[in-house]
Amino acid sequence: MSVVKQEGFEPLIVAFCCNWCSYAGADLAGTSRMSYPSNVRIVRVPCSSRVNPSFIIRAFQRGADGVIVAGCHPGDCHYHSGNFFSRRRFTVLKQMLEFMGIEPERFQVRWISGSEGAKFASVMAGITQDVKSLGPNRKLRDVR
Amino acid sequence: MKKVAKANLVEVWRKLSAGAKLYIPVDTDGVANFLSWQEGVAVDLETLNTFVPPKKFFYPQTETILRYEIGDELKIEDFACQAGENTIIFGVRPCDVSSMALMDRVYLEDPVDEAYRRRRESTTVIALGCKDPDETCFCQAFDVDLGKAPGADILATDTGEEIVLNAQSAKGEELLTLLDGLLIEATSGDENKVRDAQDKAKSGYETVVSVQGLMEKLDGMFEDPYWEKLYKRCIACGTCTFVCPTCHCFDVQEYPTGNRGERIRCWDACMFSDFTQMAGGHNPRPTQKERVRQRFMHKLNYYPHQHGEYACVGCGRCVRKCPVNLDILEVIKEIGGGAGGL
Amino acid sequence: MREYSEKMQKIASDALEKKEVSLVIGWRKKDFWWQSPVAFVDDAAQARQLVWDPFTVNNPIKYLLDQDCHEKTGVFVKGCDSRGINRLLQDRRLERDRVVLYGVPCDGKVDAAKLKKAFPGQKIKQVAAAGDQLSVTVDGGDESVPAKEYLLDKCQSCRYPNPVVYDRLAWEEVAPRQVSEESRFSRVADLEQIDVDERFAYWSRQFERCIRCFACRNVCPACNCVTCIFDQAEPRWLGKASDMGDTLNYQMIRAFHVAGRCFECGECERICPAGIPLLDLHRKIIKDLNGYYGEYDAGLNPEDNPPLGIYRGEDPAGFDES
Amino acid sequence: MKRIGVFICWCGSNIAATVDIEKAMAAARTMPGVVHVDQNKYTCSGIGQAMIRGAIKEHKLDRVVVSACSPRMHENTFRKTVEAAGLNPYYLEIANIREQCSWVHKDKEAGTDKAISLIRTAVAKASRNEALFATEMPIERRALVIGGGIAGIQAALDIADAGYEVDVVEKEPSIGGRMAQLDKTFPTLDCSACILTPKMVDVSQHEKINLITYSEIEKVEGYVGNFTVTIRNKARSVDMEKCTGCGDCTAKCPSKVESEFDVGLVKRKAIYTPFPQAVPNKPAIDRANCRWFKSGKCKVCQKVCPADAIDYEQEDRLVTARYGAIVVASGFDTHKLDKYGEYAYGKHPDVITSLEFERLLNASGPTGGKILRPSNGQTPKNVAFIQCVGSRDKAKGNPYCAKVCCMYTAKHAILLSEKIPGAKAFVFYIDVRTPGKDYEEFYNRAYEEYGATYIKGSVSKVFPDGEQLIVRSVDALSGALIELVVDMVVLATSVDARSDAKELAQKLSITTNAHNFFNEAHPKLRPVETHTAGIFLAGACQGPKDIPETVAQASAAAAKVTVLLNKKSLLSNPSVAEVNLKLCSGDMSCMVVCPYGAITEKMIEERRGRDMIKRRVADVNSALCQGCGACTVACRPGAINLKGFTNEQILAEVDAICL
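Chains as they are written, first to last, in our numbering: chain P, 1 to 144; chain U, 1 to 342; chain V, 1 to 322; chain R, 1 to 659.
Don't read these hints as lab results, they were simulated from the structure.
Careful, some of the hints might be misleading.
Per the computed footprint, the stretches of chain P lying under chain R, defined by three or more beta-carbons under 8 Å from a beta-carbon of chain R, are [unchecked claim]:
1) 22-30
2) 128-137
No farther apart than 30 Å at their CA atoms in a straight line, the calculated lysine-lysine pairs in the DSBU-like style are these [what the hints assert, rightly or not]:
3) V/K29 / U/K217
4) V/K7 / U/K232
5) V/K30 / U/K6
6) U/K131 / V/K30
7) R/K602 / V/K72
8) V/K72 / U/K232
9) U/K333 / V/K148
Calculated from the model, a selection of chain R residues having no Cβ within reach of chain P, i.e. all distances over 12 Å [claimed, not checked]:
10) P32
11) M73
12) R98
13) C101
14) D107
15) K114
16) E140
17) P274
18) N382
19) G422
20) T434
21) E503
22) K507
23) A623
24) D655
25) L659
Just so you know, even glycine gets a beta-carbon here, dropped at the ideal spot from N, CA and C.
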């Protein structure tokens, strides 16, 4: 099932951001007025290791066109080791999604620190553009 | 009675699919299922039973019953009255045909299930007589004649090079006249071929069991230690119930989306741990033992008490598919029949 | 074959007589030639029903989860079954001292479907193993075919035919089969090659057939939770409707839950009534875990932690870490 | 059904400019469970909060959604607000429609749509919020200060004076840090040693301060009020009890190495005290360079030691202690100059760094305070000072301004002409930055009274010319090419974070910025706290600072510490993991991933069918749990959940977003 690029299609991006780094990075992007596409919706979690793959699949089922998990850089985890586990978990999940035929751009994982407001803005602009050119998620979406 | 050369069947299917949705056993990755006919699909008329039984046409595994929207007032959109497009199923085995009558008793007797009724009435069933039963076939025990299918609109019989088509209902007649150009008038010789095929098939049974008096025998067995012994092997999957042409338990689920939502009906399986689980968490069938007992008592005791007929057609799907070889055939053999009665 | 069955019967009856165990789980023969289901024997007299034949494939270990009523349970374990034992031990779902393991080295079980295909139009009455041959009784009499050509796929790629944990061996070990990494992961590699959309088309064709019977989960030794997440109503993690979205959700999350814990017994794929090649999905994850975080064979050592339960600071990642 | 109130904030025009408040309110009214919607220009104001409290009473609200700025800004403010109205504080949810909406989206329609979506998401979560209750935890009334420089010294003294025990850990054999290396200090030119040494002595003599020198932080566990820290006492090879600090050993020691304190300008011995006023004034053996440890011969120091204090057998010791609070004052490094070959540093002895120049100025330095050319020991007449070496240099240095260079260079220019009458200072600068009390005046004096020549222009090359050095530059103002002949070049080297800062940050689980300076909790409002409760920052480890700022921050950190240690007890974060025993399989995969050892196993009795069975389940110690949630994903059956971020809540948020 190849996805036709739709004109004027605005993707919905769900971003799971850890409270200590990436959510702070998003706030910093805000205080620095670094604009990025409004397609992004942030879910605040304490740590990237709180993000259950079920949340990600659920987002796709309910109609998200792209999902991104953002956490502290490895070694900077507020909880010592959370993102080390995330790294392994999401490596597995990402490869699996691609293996099942989901375009790799639709699910991304990035490390964004609290001081990287600019990076947050550019990463969010990036995934929005990636997914926009892929077109809507029709593969995992519930048909309702 | 008409007939058509096997080579020309595709013409028939093409014609049928023009006027209606035509479903036919198709092989995907070695599994036969009723799929909608399209040019070039791998039609499989040899495999005895499709993986998923034809009940899905009248009683889909998942169907939306209604849509609702909570605004200033509640808006409800009923789906039942939308069901039922003109459908033809080709190649239904006699056991599956007789399963339809059993399902009708559940869904067409009062209270009538509207969606089921519409689908059932808008569907024409073309049965295909069996040539050679599998060792797991025991339809004979339930008075199914594997060469005949009285419940079907048309009976198709494989006579070797040709398929003989015999209309058994007005719907069937109609369809045959529609196909006029493509069919040849069958001769008395063909009728004999059909009879021979049916007799040959009948003689092919390897598994012969009797359910005579089984219902009565089970009357006293609700608390029997037999179930204790039997259930242990069950791994509580839903295979037997989902591949069973007569299993008809369903669950109703909500799919809420903010102020909107859908109500869905989907197949349930008495083998599942959450079967008949109540909102409060209580379950009258707390362990697998009760659930396994439920399955066999329902088919061989409760249903027959209600409808005077066993809720099994001996298609053998559960015998072939059960991951741990726990099936109704085993129960019938082990409990065995008694004197008289059903 | 027969002497093997007799060895099992003796072990079982002795153990039950000596009251070493109060239950023995093995296999027995049922109506049809291809049916060798699991058998529960709780008194010595019944030990006679135990058999060892080309179809004693069912994994008995999951039944150990509900044997609280038995002080000690004896169980016959093939190579794959024994890794299932380690699976339960690592998952803390089984106390080692409550089971007695009778190792039954196994050179593979036979795929009835493959055999039927080999005898079109004929009715197979009986199948027995004779050395590396199968003697197949059909209407026309007995025929002999090489066993290894008719083994289940999962057995053809089995790397641990001998039990990895046991209290006593029922008979001498078999020669381990050499399985190359290529052949082990060939189906995965092939799928990895094709275009992402084609790959989705492939999988959706497979999962279109899924009836959500949960047999793959219920047979899986790594799926041993008291209450599975998919059976919960609040929150409802998985819709009960059999939509493609929910089916993929179920299959992917289950695969994730057994990631690093699956030991390739292949029961999911073998018993799938819809014939979905589920093992490929699990093997894909094993392939990735091995590649990223080092070779690991689940079900060998109950003491260690699965790859997703540990980390190294310098771990690589399968995504952009810049 | 919950009774949810939604309060949308204008934040003046910050939100109202991009979000159509009326439209958002209309949308909020239709959301499930919402029974009251209101708006306010500044919801965080007294009036705004009063409005919320009033509405809770009037409309019997049981959940509150405030759509305003980031929860990191005002979550606590509004939690207190709803608590004051009798609701559990955790019934509050915040929709971040400022930082994550109005401030980043220009288009009003798109901004409004997103704001509505964010509000819907917060409402969905709020309707599943449950009451959470913090538990009381004891506090270890003892502080740890990491670093014995002026920052650490000041912080330690202030905390100790407040009556609390303080341990100061210093990795060098003596406290004193960078300030001890300096000669005079701007803008007052009072001598660094004269003001630092007394403080060092105070620290060493303070009954509540315990100096742990020649030691490093090994491991940090626990949490605010209850840290457990493992400290490595490096083997000093000298028995501190016995040693009298007479110095005979140092005098006789045969092996010489470059002195760190004198930045390589002179040699020190293998057994040494870093500088004369060292505290403690007792030597340590630098084993890497000690003849005995290298070749197994020598033992001279042992022979000469009258107190028999030399102990070659000493080993590193790991000691653990508990602390309620930690002050990080680990200081800075000077910038490495390897990328600046054009300045001939290391190639020509008369090209030196500013810190080396400080040592030349210093009476206790290698030249006894005389400014002499390292090459020939002669007095320089003309000295060039090059500023911003490694600073404000995106290409190969630090992008930031090192902040102190302009002022110390002015100081150097002044001291040069004070010490060498008639000597001339030429200062090459990009800009001269002198914010700070009396700083501009000080800089003015450098060229007005002391005749320093300031040349705006960056130096392209420094190269020898016979006895002397030529500094090539362009006068940015006139555009003229300059080739200046000087006797000496002083490089105003930039300020870096400590090379091991990252490592220390990871041990403390605090974060650093791109340049490895430790992050403060908020750049304006929480400048001395870190994101990790109970850990505070002082001095240049947080960013380049001069002495006054450092001391001010150190005292501020000390004040924060005393505030913390003053508390009777601490309230634990109630957002912790909890186990649903019914669902728990007891496979303990949660325990495996818990970084705090907060999960243990326990056995429970349970009915199965007819009989009672015993089975293992997980058990969470809510005092140890920090609420990361790693366990909730490791748990396959979803039996372990995180209060405040439950599976139900997050799934509801996802569903709401995707509507």
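The hints, checked one at a time:
Three residues within the 8 Å Cβ limit are the bar, and the stretch 22-30 of chain P against chain R gives 6, so the coverage statement holds. Figure legend: the stretch 128-137 of chain P, annotated as covered by chain R; annotation inconsistent (0 residues with Cβ-Cβ distances under 8 Å, at least 3 required). Between V/K29 and U/K217 the alpha-carbon distance is near 26 Å, which keeps this suggested pair within the 30 Å criterion. Taken as a hint, the V/K7 and U/K232 pair is honoured in the structure, with Cα atoms around 25 Å apart against an allowance of 30 Å.
Our distance criterion of 30 Å between C-alpha atoms is broken by V/K30 and U/K6, whose separation comes to about 39 Å. The suggested pairing of U/K131 with V/K30 holds, with an alpha-carbon distance near 26 Å, which does not exceed 30 Å. A distance of roughly 23 Å separates the Cα atoms of R/K602 and V/K72; the hinted pair therefore holds under the 30 Å criterion. Pair hint V/K72 plus U/K232 holds up; C-alpha atoms about 17 Å apart against a cutoff of 30 Å.
Pair hint U/K333 plus V/K148 does not hold up; C-alpha atoms about 34 Å apart against a cutoff of 30 Å. Against chain P, the non-interface label of R/P32 holds: every CB pair exceeds 12 Å, the least being about 16 Å. Non-interface status of R/M73 relative to chain P is broken: a Cβ of that chain comes within 12 Å, the nearest being about 8 Å off. Chain P draws R/R98 into its interface by the beta-carbon criterion, the shortest separation being 7 Å against a cut-off of 12 Å.
Not every CB of chain P is more than 12 Å from the CB of R/C101 (nearest about 8 Å), against its label as outside the interface. The non-interface label for R/D107 is inconsistent with chain P: the shortest C-beta to C-beta separation is roughly 7 Å, within 12 Å. Listed as a non-interface residue, R/K114 fails to keep its Cβ farther than 12 Å from every Cβ of chain P; the least gap is roughly 5 Å. Listed as outside the interface, R/E140 is consistent with that label: its C-beta sits roughly 20 Å from the nearest C-beta of chain P, beyond the 12 Å cut-off.
Non-interface call for R/P274 relative to chain P: holds, since the shortest CB-CB distance, roughly 32 Å, exceeds 12 Å. The Cβ of R/N382 sits about 43 Å from the closest Cβ of chain P, beyond the 12 Å cut-off, so the non-interface label holds. No Cβ of chain P comes within 12 Å of the Cβ of R/G422; the nearest lies about 49 Å off, and the non-interface call holds. Its beta-carbon lying about 27 Å from the closest one in chain P, R/T434 satisfies the requirement of being farther than 12 Å from that chain.
The beta carbon of R/E503 is not kept farther than 12 Å from every beta carbon of chain P, the shortest such distance being approximately 9 Å. Against the 12 Å criterion, R/K507 falls within the reach of chain P, whose nearest CB is about 10 Å from its own CB. The Cβ of R/A623 sits about 16 Å from the closest Cβ of chain P, beyond the 12 Å cut-off, so the non-interface label holds. Residue placement check: R/D655 does not keep its beta carbon more than 12 Å from all beta carbons of chain P (closest about 6 Å).
Not every C-beta of chain P lies more than 12 Å from that of R/L659, the closest at about 8 Å, which undercuts listing it as non-interface.
Comparing the model with each numbered hint stated earlier shows that hints 2, 5, 9, 11, 12, 13, 14, 15, 21, 22, 24, 25 do not hold.
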